[in-house]
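K.L.:
Residues per chain, in single letters:
2 protein chains.
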Amino acid sequence: MKAAILTIGDELLIGQVVDTNSSWIAQQLNLAGIKVERKISVGDDAEVIREELERLLRFVDFIFITGGLGPTKDDITKNTLVDFFEDHLVMHEESLQNVKRIFKNAGREPNAANIQQAMQPLKAKIFVNLNGTASGMCFEKENKVVVSMPGVPFEMKSMLLNQVIPLLAERFQKVHIIHKTICTQGIGESFVAEKIEDIESSLPDHIKLAYLPSVGQLKLRLSAYGVAAEQEVNEYVNKIVERISENVFGFGEATLQEVIGALLKQQNKTLSTAESCTGGYVSHLITSVPGSSAYYKGGVIAYSNEIKIQELGVNQQVLAEFGAVSKQVVEQMANGILKVTGSDFAIATSGIAGPDGGSDEKPVGTVWIAVAGKGGMFSKDFKFGDNRERNIIRASLTALSILRRKFLITDKE
Amino acid sequence: MKAAILTIGDELLIGQVVDTNSSWIAQQLNLAGIKVERKISVGDDAEVIREELERLLRFVDFIFITGGLGPTKDDITKNTLVDFFEDHLVMHEESLQNVKRIFKNAGREPNAANIQQAMQPLKAKIFVNLNGTASGMCFEKENKVVVSMPGVPFEMKSMLLNQVIPLLAERFQKVHIIHKTICTQGIGESFVAEKIEDIESSLPDHIKLAYLPSVGQLKLRLSAYGVAAEQEVNEYVNKIVERISENVFGFGEATLQEVIGALLKQQNKTLSTAESCTGGYVSHLITSVPGSSAYYKGGVIAYSNEIKIQELGVNQQVLAEFGAVSKQVVEQMANGILKVTGSDFAIATSGIAGPDGGSDEKPVGTVWIAVAGKGGMFSKDFKFGDNRERNIIRASLTALSILRRKFLITDKE
Chain A
1 MKAAILTIGD
11 ELLIGQVVDT
21 NSSWIAQQLN
31 LAGIKVERKI
41 SVGDDAEVIR
51 EELERLLRFV
61 DFIFITGGLG
71 PTKDDITKNT
81 LVDFFEDHLV
91 MHEESLQNVK
101 RIFKNAGREP
111 NAANIQQAMQ
121 PLKAKIFVNL
131 NGTASGMCFE
141 KENKVVVSMP
151 GVPFEMKSML
161 LNQVIPLLAE
171 RFQKVHIIHK
181 TICTQGIGES
191 FVAEKIEDIE
201 SSLPDHIKLA
211 YLPSVGQLKL
221 RLSAYGVAAE
231 QEVNEYVNKI
241 VERISENVFG
251 FGEATLQEVI
261 GALLKQQNKT
271 LSTAESCTGG
281 YVSHLITSVP
291 GSSAYYKGGV
301 IAYSNEIKIQ
311 ELGVNQQVLA
321 EFGAVSKQVV
331 EQMANGILKV
341 TGSDFAIATS
351 GIAGPDGGSD
361 EKPVGTVWIA
371 VAGKGGMFSK
381 DFKFGDNRER
391 NIIRASLTAL
401 SILRRKFLIT
411 DKE
Chain B
1 MKAAILTIGD
11 ELLIGQVVDT
21 NSSWIAQQLN
31 LAGIKVERKI
41 SVGDDAEVIR
51 EELERLLRFV
61 DFIFITGGLG
71 PTKDDITKNT
81 LVDFFEDHLV
91 MHEESLQNVK
101 RIFKNAGREP
111 NAANIQQAMQ
121 PLKAKIFVNL
131 NGTASGMCFE
141 KENKVVVSMP
151 GVPFEMKSML
161 LNQVIPLLAE
171 RFQKVHIIHK
181 TICTQGIGES
191 FVAEKIEDIE
201 SSLPDHIKLA
211 YLPSVGQLKL
221 RLSAYGVAAE
231 QEVNEYVNKI
241 VERISENVFG
251 FGEATLQEVI
261 GALLKQQNKT
271 LSTAESCTGG
281 YVSHLITSVP
291 GSSAYYKGGV
301 IAYSNEIKIQ
311 ELGVNQQVLA
321 EFGAVSKQVV
331 EQMANGILKV
341 TGSDFAIATS
351 GIAGPDGGSD
361 EKPVGTVWIA
371 VAGKGGMFSK
381 DFKFGDNRER
391 NIIRASLTAL
401 SILRRKFLIT
411 DKE
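Sequence order for the protein chains is A and B. Using this note's numbering, you'd call the opening residue of the first sequence number 1 and step up by one each time. Using this note's numbering, you'd call the opening residue of the second sequence number 1 and step up by one each time.
A portion of the hints provided could be inaccurate.
Same chains, same names: a pair is fine if it fits in one copy or spans any two.
Below, in silico cross-link-like pairs of lysine-lysine (DSBU-like), each with a Cα-Cα straight-line distance of 35 Å or less [to be verified]:
#, residue 1, residue 2
1, 104, 406
2, 374, 327
3, 269, 125
4, 195, 208
5, 339, 327
6, 123, 73
7, 157, 2
To be clear, the hints were calculated from the coordinates, so they are not data collected in a lab.
Kindly generate the complete structure, drawing on both the sequences and the hints.
P.N.:
Structure (structure tokens):
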């Protein structure tokens, strides 16, 4: 079974909004055994929407649409679908009650546009939106299915998972799609390619390897379609992991912060942070994991030198002699926060994120990272690039990776 | 002039990667006066790529392609384009020198696959990639242009801005596209719609209003195509801003953290933070702005109660009596960090981000926010939702918004 995803909204075509819906939908459909063949974004334009529907229905079984269902005048998806399927709108009692409920909860009265949202196509199956006023719709024609959902991500997600997929599940003729993803940090794409060149050359035609670099990380994905190749894929995964084991921190959707959280919990250890150039991003990553308060005590954002001295006990002379971006200072920061919090491990960062503040000796992108624990201290300088946002992310992920490799998994190695 | 964007890669169709390239390209093309009509994502499949090229060239003047130019075996874009344009590959000396240069800088030797990347289509104009080994290409046929760029965002961005747009600029017959965006915080979509209902109804046909909600923020965009309507659009913008002025923090691509940074700089004031539930996200937002060290001193991530007491001077009895998520504690946190850092303003947050930790009295999503300054203290509790990630973002943006509205722009009002 094949699907297409059609996202609707002028904001997508002028680049004001990044379309995160379609990748999330694609993930869910993959899990449900549906292969996505194409993703299309079009504006709020009835003629273009019709044209894409006609075309896509020639080669896919399902079309999943998001966007254009709001109460405001720029939202035309519902009327366009009603025309396309030669249907007409009637008041949908359940949707009306839902709109009234939502406004009652907000202590307000729905206006005419909100009531109009409860008008729904007669022939469609309607999905009442528990998180908003825009209902979803499912049309069928000649054994093809067109689903329309709201564009607000969390409304759409709940509707797809809890209403749409359960309704359609029995129609899905599952094909076997296997994806295995290896998550790495601290190693580049072409370097990996060289290390595993012979493995890659030996892959059979039905197994595909993809390199997926993102800021500070590299994922390797092995995919097999249509064949019951799970064991075969796993064997290749193992071969690859063996070559680059130091840099592999997990599989699938694993994040470094989750992996570290799980290791700290398992070992009953605590962590704290002393951040300068990363400005809170390390702690944000750590605390983005539910339950992180079990192992993360907190930290200091030592953006100014005063705070480095006063809160972390960095020595003023050392600071003057070596500068804030130095081995000496970052180690004192790590030791300082260990002392303040009494945690088992500490991460410290100090660098020049950019775009300004660099010098010949310490150009933009220079970052010192220290990780301290009862097992000692590890510190190292890195030269990242000249982009502030990327430097903050790369430094933060590198710091987490050092904690994992040098302190949390050492027993195993 | 009309364009389409074609992004290529299996990872886009299985939802492993969010396509940020196409929205960025769309923005840049808009600025250059080119309207994007459609965005398409397809897999690494030569037949599908050909089919989309043929179709899109029937109704657009330009196609911008990203992805599939890497050295690895899953990258087929170059060969597909060579077939499509009935061209053939020859060694491109400049690209070869570039590949050698990049490997030399990394202290390594290019392998055969890397050398192969320097083979380029004879008829195309080649863009040497200063940030990577994959060159870009520009094909022309019957007055239509097809540009192929690497998929790695920062390589593509540099190539589009510095090489592609300058080459094509003289071909762009600019149409007048005007977008004006109003950025708001702390006010919902339907609430705004009600407040400006009469203004919206009075909009002429050639001016479109779009509501663009994202987590913790709402943007309103007025657009006009094809008419020299700038002044008219500005008048509507002013009318709308007047109705919701309290919540408007900026225009266009403004971020709350930039606006606050500019106000602090202007007023020569400093800021510090004491974060519990937001776990570093407030400080990350603040420090994501270049030059923020001029006004941001730093802060404490007081994730554990110990740190709240020890580093911020929160009273142990008060903590026991009212709990960490309380007016009393969050105000003590704000006062505490003011004292520690000597800054002019302080932001403090304490709440239950979820998914666990809620109670009947204080459900998940309850967040106390305090902002303190020499002008006094403002604190308030909020009930956000049940999603951890969204709660952290909403609380952080709300805190920045309170600082702006209650402390930084009070003189003006």
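K.L.:
The structure should be examined with respect to each hint, and the outcome stated for every one.
P.N.:
Here is how each hint holds up against the structure:
{"no.": "1", "hint": "104 x 406", "verdict": "between (55 Å within a copy, 30 Å between copies)"}
{"no.": "2", "hint": "374 x 327", "verdict": "within (19 Å within a copy, 38 Å between copies)"}
{"no.": "3", "hint": "269 x 125", "verdict": "neither (52 Å within a copy, 58 Å between copies)"}
{"no.": "4", "hint": "195 x 208", "verdict": "within (17 Å within a copy, 54 Å between copies)"}
{"no.": "5", "hint": "339 x 327", "verdict": "both (18 Å within a copy, 29 Å between copies)"}
{"no.": "6", "hint": "123 x 73", "verdict": "within (24 Å within a copy, 47 Å between copies)"}
{"no.": "7", "hint": "157 x 2", "verdict": "both (20 Å within a copy, 33 Å between copies)"}
Checked against the numbered hints above, the structure breaks only hint 3 and satisfies the rest.
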